[in-house]
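Line order of the protein sequences matches chains A and B.
Residue numbering for the first sequence follows the numbering used here, beginning at 2 and increasing consecutively.
Residue numbering for the second sequence follows the numbering used here, beginning at 2 and increasing consecutively.
Watch out, some of these pointers could steer you wrong.
Copies of the same chain look alike in the list, so a pair counts if it works inside one copy or between any two.
Unchecked claim - Below are the DSBU-like pairs computed for lysine-lysine, each with C-alpha atoms no more than 30 Å apart in a straight line:
1) 105 <-> 331
2) 331 <-> 89
3) 313 <-> 105
4) 91 <-> 331
5) 83 <-> 313
Just so you know, these hints were derived from the structure itself, not from any lab.
In this text the structure is predicted, and so the values were computed from the model without any measurement.
Number of protein chains: 2
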Amino acid sequence: MAEKSSSIVPAPFSKDLCPKMPREDGEAVRNNSYSGVSASTVTVKMEDSKEPDDPAHPKLPGWFSEYSPLWPGQAHFIEVEKILFQGKSKYQNMMVFQSLAYGKVSVLDGAIQLTEKDEFAYQEMITHLPLCSIPNPKKVLLIGGGDGGILREISRHSSVEQIDICEIDPMVIDVYKEFFPDIAVGYEDPRVILHIGDGIAFLKAVPGGPAHNLFETPFFELVANALRPGGVMCIQAESLWFHSLMVQDLVASLRRTFKGSVNYAWSIVPTYQSGVIGFMLCSTAGPPVNFKHPINLIDSNDSYGAARGPLKFYNSEVHSAAFCLPTFTKRGIDSIAE
Amino acid sequence: MAEKSSSIVPAPFSKDLCPKMPREDGEAVRNNSYSGVSASTVTVKMEDSKEPDDPAHPKLPGWFSEYSPLWPGQAHFIEVEKILFQGKSKYQNMMVFQSLAYGKVSVLDGAIQLTEKDEFAYQEMITHLPLCSIPNPKKVLLIGGGDGGILREISRHSSVEQIDICEIDPMVIDVYKEFFPDIAVGYEDPRVILHIGDGIAFLKAVPGGPAHNLFETPFFELVANALRPGGVMCIQAESLWFHSLMVQDLVASLRRTFKGSVNYAWSIVPTYQSGVIGFMLCSTAGPPVNFKHPINLIDSNDSYGAARGPLKFYNSEVHSAAFCLPTFTKRGIDSIAE
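So here's chain A without its partners, still in its complex pose (with noise of 0.2 Å):
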């Protein structure tokens, strides 16, 4: 664990609260080192830190609703056709439920994970835009992640030998086990080391960190010390349809921690707010990565690992045109000075 990795991809942040991460407070979700990290911020909140109902959030007997204070004035419904699991651990409340429209949906904290109908879209492409962007990637560190779909697309790539997952919260992994046996298979790849904690104190393991401990640009320093020269790193970051300003701001901060290349990515989900979600991807100083050419294929693969089937979404055309982007976000991102 104290080895440098080669690279780092690191997993979903909670889809709406990415780049400020303000309900992890006091929380874990952070990441490894590796010859990847993907690092997933789970949704995590302590027992006495519930906010009150929104009471501009619109409800409905019968109908789930997602609503983000980040975007407010909107909401998304979905309809219930019946409740599978709804359970609180020490970090946050959890709830599955079987829908018509998108199969069976999982939330935490009010907040939608993941559909059975969409799940893929994400978990291809936040975990092959940084892992196809590099030749044979060795070591991989997810922090969150903890449904197992990134484990499960990880598994497609056959050079990696060591796959380290941080996940704080048992009873996510114990329910996506149950729930969604076709995600939670990433678990049974033979490479993957599960640690149950703060991968924020993961990170700090790796020798030769910095020495300061403030809150939030450490994450990013940690993680870029934790990779090999030229590792990358790939985080959820917010939708290019939100307050752009917010892209910039990541976009900025990153660029003074990672001294290769950073770029945002976008693709599509339609269970996440504005049907869109983007990504950042990072590498430290080395071997140049040129995240929009992807080098390492694995579009006609036939080795799945422990995925039982084809890509869905994920190709070597798609990754490119994720980092093609709209004129307004363009400008937004190239304001800051490179």
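Got chain A sorted already, so can you dock chain B onto it with the hints?
Below, chain B alone, put in the same frame as chain A:
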């Protein structure tokens, strides 16, 4: 009007109904013949054909909710700050309301047509995908698109000499001119000729058209007949997240009629169901058209025509990226014999 057009850019079909146009029975909304045809299907419904409200459609006081029986079990809710217009023509009901989330929103028969926040994404892509794919478009026909936004975008093309628009419902034009002046500004281009009437009748006036008179297929035959060799048509198609079989049927149908290129492209519009909208681009036999690689660049155009500012969404990179399809969509379309 009887001359052959060099390209055809069809404007938006009612977004959730495009390929089958079920609500357009006995209705107008068709194409014409020019160097480009943009066919925008207006949602038109006869007074006596109003369906009773779908009981599955969830509703809340103070909120507008859009619900489609094409993808049941979900709905997008937008909070209404103020209703600005409600009216009824012989064709349809129209509403305009102010919202916090999207600014002004226009609705025809319960279906969102456009919002101030995201209209540019749709208008720019449906216009420039076809018109930037051919050299020097001269005559363009728009069917529907009474809001004027596609006219505004066509107006950026200095090679265009004539822009015909067929809009059946004058109420639509009047309302957009009053409440959406930055969109209806397209009518100010002196090249625009407005035809209040049925686009099908307009297309039928083009000589040399097919003799038979069926409902669905003939529309495309009339368009193909109206186009010059190597002329292009663009119509709105369904989101790739919808039943992909319908896209496949549409592709198969278009390939029977258009002897040049037939391609599916997609873009993002957060107020459209699933956040994604599709387009079909077709060309007639003649000079080959490669839709994936724009040759008539307008990215750095500094002549905006009737538009009052630069492009916000479209650029040449986004143009090519729009044709990069997720693997599951690609498989569905590739399964159709070329």
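We went through each hint and held it up to the structure:
1. Taking the shortest alpha-carbon separations for residue 105 and residue 331, only the inter-copy value of 25 Å comes in at or below 30 Å, while the best intra-copy value is 36 Å.
2. In the homo-oligomer, the alpha carbons of residue 331 and residue 89 never lie at most 30 Å apart, since the shortest distance is 41 Å inside one protomer and 41 Å across protomers.
3. Taking the closest pair of Cα atoms, residue 313 and residue 105 come within 30 Å of each other only inside a single copy of the chain (18 Å); across copies the shortest separation is 37 Å, beyond that limit.
4. For the identical chains of this complex, residue 91 and residue 331 are neighbours neither inside a copy (41 Å) nor across copies (44 Å), given an alpha-carbon limit of 30 Å.
5. In this assembly of identical chains, residue 83 and residue 313 lie within 30 Å of each other by CA distance solely inside one copy; the values are 27 Å within and 43 Å between copies.
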